[in-house]
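Residue numbers (my numbering), protein chains in the order written: chain A, 1 to 398; chain B, 1 to 398; chain C, 1 to 398; chain D, 1 to 398.
Derived from the structure by calculation, the hints contain no laboratory data. Hints should not be assumed to be uniformly reliable.
Put simply, identical chains are the same to the list, so a pair is met inside one copy or across any two.
Mimicking DSSO-like on lysine-lysine, the simulated pairs with C-alpha atoms at most 27 Å apart in a straight line are [claimed, not checked]:
1. K311 <-> K165
2. K312 <-> K78
3. K78 <-> K386
4. K3 <-> K386
5. K86 <-> K281
6. K378 <-> K51
7. K165 <-> K380
8. K380 <-> K337
9. K165 <-> K378
10. K78 <-> K139
11. K139 <-> K380
12. K78 <-> K41
13. K165 <-> K281
14. K144 <-> K337
15. K281 <-> K312
16. K39 <-> K380
17. K78 <-> K144
18. K39 <-> K281
19. K83 <-> K51
20. K41 <-> K380
21. K378 <-> K139
22. K281 <-> K139
23. K281 <-> K144
There are 4 protein chains.
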Amino acid sequence: MHKISMLGAGLIGMFYTQTLHANRSRDRVHVLYSRTEQKAKEAAAAWDVEKWTTDMDEAINDPDTDVVVIGLPNVLHKEAVLKAAKAGKAVLCTKPLATNAEDALEMLQAVESAGVFHGYLEDLTYTPKMLKTIDSVRKGAIGKVLWTRSRETHPGPHSAWFWDKGSSGGGAIVDMGCHCIEISRALVGKEVRPLEVVCWADTQVHPIDVEDSAIGLIRYESGAVGQFETSWCFRGGMDLRDEVSGTEGTVWLNHWLRTGFEMFTNVGQQGYVAEKAEGDKGWLFPVGDEVAELGYVHMFTDMLDALDGGKKPMEDFYDGYVVNTIMDACYRSVASKRWEPVELELWRGAEGAEEKGGFVDYDQQHYLIKEETMPDGKTKLILKEKSSGRIVERIVSG
Amino acid sequence: MHKISMLGAGLIGMFYTQTLHANRSRDRVHVLYSRTEQKAKEAAAAWDVEKWTTDMDEAINDPDTDVVVIGLPNVLHKEAVLKAAKAGKAVLCTKPLATNAEDALEMLQAVESAGVFHGYLEDLTYTPKMLKTIDSVRKGAIGKVLWTRSRETHPGPHSAWFWDKGSSGGGAIVDMGCHCIEISRALVGKEVRPLEVVCWADTQVHPIDVEDSAIGLIRYESGAVGQFETSWCFRGGMDLRDEVSGTEGTVWLNHWLRTGFEMFTNVGQQGYVAEKAEGDKGWLFPVGDEVAELGYVHMFTDMLDALDGGKKPMEDFYDGYVVNTIMDACYRSVASKRWEPVELELWRGAEGAEEKGGFVDYDQQHYLIKEETMPDGKTKLILKEKSSGRIVERIVSG
Amino acid sequence: MHKISMLGAGLIGMFYTQTLHANRSRDRVHVLYSRTEQKAKEAAAAWDVEKWTTDMDEAINDPDTDVVVIGLPNVLHKEAVLKAAKAGKAVLCTKPLATNAEDALEMLQAVESAGVFHGYLEDLTYTPKMLKTIDSVRKGAIGKVLWTRSRETHPGPHSAWFWDKGSSGGGAIVDMGCHCIEISRALVGKEVRPLEVVCWADTQVHPIDVEDSAIGLIRYESGAVGQFETSWCFRGGMDLRDEVSGTEGTVWLNHWLRTGFEMFTNVGQQGYVAEKAEGDKGWLFPVGDEVAELGYVHMFTDMLDALDGGKKPMEDFYDGYVVNTIMDACYRSVASKRWEPVELELWRGAEGAEEKGGFVDYDQQHYLIKEETMPDGKTKLILKEKSSGRIVERIVSG
Amino acid sequence: MHKISMLGAGLIGMFYTQTLHANRSRDRVHVLYSRTEQKAKEAAAAWDVEKWTTDMDEAINDPDTDVVVIGLPNVLHKEAVLKAAKAGKAVLCTKPLATNAEDALEMLQAVESAGVFHGYLEDLTYTPKMLKTIDSVRKGAIGKVLWTRSRETHPGPHSAWFWDKGSSGGGAIVDMGCHCIEISRALVGKEVRPLEVVCWADTQVHPIDVEDSAIGLIRYESGAVGQFETSWCFRGGMDLRDEVSGTEGTVWLNHWLRTGFEMFTNVGQQGYVAEKAEGDKGWLFPVGDEVAELGYVHMFTDMLDALDGGKKPMEDFYDGYVVNTIMDACYRSVASKRWEPVELELWRGAEGAEEKGGFVDYDQQHYLIKEETMPDGKTKLILKEKSSGRIVERIVSG
């Protein structure tokens, strides 16, 4: 059983606490920290947490606490991590780890020096669908990974601080691109080095100083490309979809708007629909168990089981550092309007480009380009003559 | 914390135990009973259960045990329940409660006389989607409920005993109709009396003595109709869908084959796809967290929280008894080829038919039948003259 | 090229005329008949039809006309058909053919005696998806057909006469059940005799004299069951779905609300969404080419090509007669509350029950009941011993 | 009625001819040209075309011909267009118009100088779903367009020439990017100038000299971004999806793999499934009326109606020229690894950047950033103080 200090009383703190307390759990949040007294008090009451405080040090250093969970605005992560490391407490930090790679590296080094357990709370690699997908992909179900795509778009975040560069450190890239980038790494393989990125970002709609939309491509040493699409301008709810394609298959995941739960109501849904839902009449698309679908359940299980078992969790601060490094390259690319290298000072993955797969032989003289069933039922082969390079076509009866 | 004796080491016992042990749980299965020694031994090892036995009494009367969970073939439920009641242990019994209403009533009376906690393990009313749907429907999101529809079809059960009338007591109706019927009750409202049923059943494909397909209609006192469709002849995996329609809206749930998880693989999925999946190549439809999607997580949370809190769980033996009574009427209807009354000796719901809603007035002279936007953008009204009963049409500009 | 007299200027007349005039067609509607002058005049102008009249005889007997298309309220079909037959014109009649089997038979005999071409305008067996499905099913793609299901539900028809028993002859069964029944026949095979039906119907919501909801089952000589679900009480648009299951597969068709066209609009769709759509804000589900998706394009192509080629179209008056006969049995079943025989005076299909398929052998001693991949990757076989009838289980390594 | 010379006897020629002859059409292909005699002869027989030839001039100059349709490999389009223009025949050319902007401009000038009717056969802007979407978007249903996304991926083209740079002039960009780019223009508005592009392309899998995968972004003067994704490496069939997002809504179109037609077959579909389908067992996703779903029906209707009516069709050679110009910029970007300007020598759209919409006022002191319903039912407002730029949060009761 763990006694947890929760730093932060916003939506993320609530989702985290709900998850930690749910389903016959043996763990408890027992201290809640918020910068504002009223929020701390109210949330502690609502979520059945024993103590609350507006003093971060008190929350971290509580003698009963063995785990600090950070659910604060981005710019406060570093301070909280450094304090928890100093206090010798296990520390779990929400995404993004930091607002830039330099800070992330310092935080990584702090927890590693202190020898404390560290977990990076990237929930979206822990959704039940994503865990099964990663497993299948690693086992070869779709062959060599060629392309990943991750989208998170919605009508904008729920708390004011996200929209304020001073608190968030950035816009859609920092808020949601971090999810998409880590999903891409998990699918391509974390051992594969991200080489370079190109990124578009713009403030298309809102009166703010950060980007409200961004699209980026990450090129990996294996030749795979990771595509991400993020926006705070999307209307219709929260669109949370991932895809991965390989030489032998593909996986499509829809985490939010199309999960087999569809409702039409002429009079209103009479309550909360789902995070970022718009409206409560007409066709609605609720989500079953939100915290489970968002990965929180499996994430905290992995984190606390790893802590109990003396193991590394699936996502730790090194992952957070890599993501921050890729995001830094994205912002440079937005400014330079060109591909920019991913400058990883610390690389713990594999070295050396993965070999491109050899071509597929049809027979000794030909490579196979394509095989297809035609409308008339026959099979058409497209072949390349190895000697001449000439491309030829053969019809084989179905 | 509860110490649980699990009776049964088949697929259902495994799903139950996985669920009870999952996600930082404070409860444990500590005795496992199976009729065959090898199964008991292997399952105990695989699921990390301390003790095993082939003696049902030993499992039930274990001094550390405070909860008995029954995951045995249908015909053994009664014996196990009676023993657990006698031992004064809380008892949770899988579906169907019994193989007929008479036994079910005897079991209900046994646990009530003994004063032990009793839960009916009807997981499919506990799926996260269904819990939210029940909540919305009860709050009025779809108006007055008119129609429910529940389908469970797949290529047939996994254990031999299901196919053997001596162990199962029946076919698709007993195996899956029980789910569908309870889903219907939960959506229509358990306080509403089921009046009569009509049911078709046949052995369409398999060399067995029980029905492998059945379709039934339950008519409720409120005028609502509950439709169920069950089959062991379906090809393509497990089709688990529910719908409910009311005067103001509708809900469509897909629990299994279309949940936002789609995979194409040319080389095979390289592992388990999902319960009742067929094949592991081509387009596959895995399920995220199976035990959560099937309702086990929320079911055991409700059961054990209710036990701890001295409350009634959402599903108890009375519900199991009502379901058995409805199923008995279904079998009578199959034989008589006509509607048959639901003969509830013990009715704990509301008495007296719910009033039909009055008609909707358009103005003092007319009832409103229909309002529709036409292709040309205008609105067409269909009205009934109160005095004459004449039906008239009015075009109103859009 | 055909010159067509269109009888009826309602929605169905408009859809028919739009279809007949569309896409570089060589055919033309050149006379339009409506009972009310204003409607006739306006529709003729809107649809670019040369002549209009309020005199049915004039429309039918127009010397240039070679084809009469009937798109009138149900009770007027008979009069129009008899006149067209007398005039020696090809006649295409919308669904249902008549309001009862007796009239339908008289109409069939009239056109056959007169030797005129006759087509039954059952569009929903002609949707592009249904045509391909029928073709696949007939070729054996899903094995022996066991079960069909057809649903048409929406918030009620667009014209007043549907709601008035005097004009329509019935409610949801006559209006939409006729579609579902013919779809079932097309999938089971029109040569297979429908034996008996059981049907529930009720007036659940509206101030009318006919049923606004009905569910029925048709049992065929082959053992297949055809299920239909119809309602004028459904909220959320028009739900138009069909399914067919067989021993080797299944097909699921969605014709309307989920066809790969999804729109969210916060400000309104700014125009017509789709037939029977409700509301124009929030999530909407328009349909691509409505008349094509509803089968009108392929239906008229088949009808007029058959007429040109001296062939029988896919749907003719005999089909309409069978459908009316089945509907008559449905109404009798609603009244008697039991299965009722389908009383076909005239049966042109196959005689003698189709044989049930033999059971599948696993080896000489056993029938195969079931084969399934378990979560641990192994394969479980369920077998029946031929000699003893005992059901046994075998685990085979994956 | 038109008499058409069809140049090309491959899959595209077949789809075009099928469409032109379908559904009671009054138009006919009466000459078929192919470079190889056997193909010409066989296709003419199969498609019921009166004459065939291997002489392009003969096909174009046939005295009965008034329309030349070009369905040839990309590098032959220019020759065929110049000949048709010289012959004074109406000319409809398949996509892409040319293999580069310079040729496309020359072709445009040739048809304009000759005064012949010219149509650009970009079918995917003519799909029924896309036509309705364009109409809704133009009418304001989704507000100001911010982002479009178009994907065409499949396992590679059916004819050898596509894979051969000498015949195709390029890979996935030229083959499929042209569709995606024109879809983007149609949704953003053709009057809006495309300013610059960034593009990634690679040869990920095949033994060929052109790109088999490409992703690109087009930035428009209005601030909108058009994203395209093309690949010949996708496994699972043909993925044909489009999306458009605006300030007030979004539209999602799925043209191929998820259109409401789903089939499981254990024994094989017994025939053609759909263009680019892989395998014919397990879960399959056929398409209703392929030529209609792909836009051919509405495309030829628009083209020939425009020709008859002396109007411009929706897509003409100027559109083809703009698409080629954008693709040229894409290839430059792939080489330079940076954003590249779209160099339109000839711009016929609007001049001057569209104004960015002003910000939304909440009250005199504040801009509105966001309004959201929270899990507790309250409404949270995020506002920006106009004077200070400070971002603040207000909770309003639901």
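Checked hints:
1. Taking the shortest Cα distances, K311 and K165 never come within 27 Å of each other, neither inside one copy (36 Å) nor across copies (50 Å).
2. Proximity of K312 and K78 under a CA criterion of 27 Å is satisfied intra-copy only: 21 Å inside one chain copy versus 47 Å between copies.
3. Taking identical chains as interchangeable, the C-alpha atoms of K78 and K386 are never at most 27 Å apart, the minima being 58 Å within one chain and 31 Å between chains.
4. When the C-alpha separation of K3 and K386 is checked against a cutoff of 27 Å, the pair qualifies neither within a copy, at 66 Å, nor between copies, at 44 Å.
5. Neither within a single protomer nor between protomers do K86 and K281 lie at most 27 Å apart by alpha-carbon distance, with minima of 51 Å and 52 Å respectively.
6. Within a single copy, K378 and K51 get their C-alpha atoms only as close as 73 Å, which misses the 27 Å cut-off; across copies the closest is 26 Å, which meets it.
7. In the homo-oligomer, the alpha carbons of K165 and K380 lie at most 27 Å apart only across protomers (20 Å), although the nearest pairing inside one protomer, at 57 Å, exceeds that limit.
8. For a Cα distance limit of 27 Å, the shortest separation of K380 from K337 qualifies neither inside one copy, at 43 Å, nor across copies, at 36 Å.
9. For a Cα distance limit of 27 Å, the shortest separation of K165 from K378 across copies, 26 Å, qualifies, whereas the shortest one inside one copy, 60 Å, does not.
10. Proximity of K78 to K139 under the C-alpha cut-off of 27 Å is found in neither arrangement, the shortest distances being 37 Å within a copy and 45 Å between copies.
11. When the C-alpha separation of K139 and K380 is checked against a cutoff of 27 Å, the pair qualifies only between copies, where the shortest distance is 24 Å, while the shortest distance within a copy is 31 Å.
12. Taking the closest pair of Cα atoms, K78 and K41 come within 27 Å of each other only inside a single copy of the chain (25 Å); across copies the shortest separation is 51 Å, beyond that limit.
13. Proximity of K165 to K281 under the C-alpha cut-off of 27 Å is found in neither arrangement, the shortest distances being 34 Å within a copy and 34 Å between copies.
14. Taking the shortest alpha-carbon separations for K144 and K337, only the inter-copy value of 25 Å comes in at or below 27 Å, while the best intra-copy value is 30 Å.
15. Taking identical chains as interchangeable, the C-alpha atoms of K281 and K312 are never at most 27 Å apart, the minima being 45 Å within one chain and 34 Å between chains.
16. Taking the closest pair of Cα atoms, K39 and K380 come within 27 Å of each other only across two copies (15 Å); inside a single copy the shortest separation is 67 Å, beyond that limit.
17. For the identical chains of this complex, K78 and K144 are neighbours neither inside a copy (37 Å) nor across copies (39 Å), given an alpha-carbon limit of 27 Å.
18. Taking CA atoms no more than 27 Å apart as the test, K39 paired with K281 passes in neither setting, with 31 Å inside one copy and 36 Å between copies.
19. Taking the closest pair of Cα atoms, K83 and K51 come within 27 Å of each other only inside a single copy of the chain (19 Å); across copies the shortest separation is 45 Å, beyond that limit.
20. Taking the shortest alpha-carbon separations for K41 and K380, only the inter-copy value of 19 Å comes in at or below 27 Å, while the best intra-copy value is 71 Å.
21. For a Cα distance limit of 27 Å, the shortest separation of K378 from K139 across copies, 18 Å, qualifies, whereas the shortest one inside one copy, 33 Å, does not.
22. In this assembly of identical chains, the alpha carbons of K281 and K139 lie at most 27 Å apart only when taken from different copies (14 Å versus 43 Å within one copy).
23. With identical chains, the CA atoms of K281 and K144 are at most 27 Å apart between copies only, with a shortest distance of 16 Å across copies and 44 Å within one.
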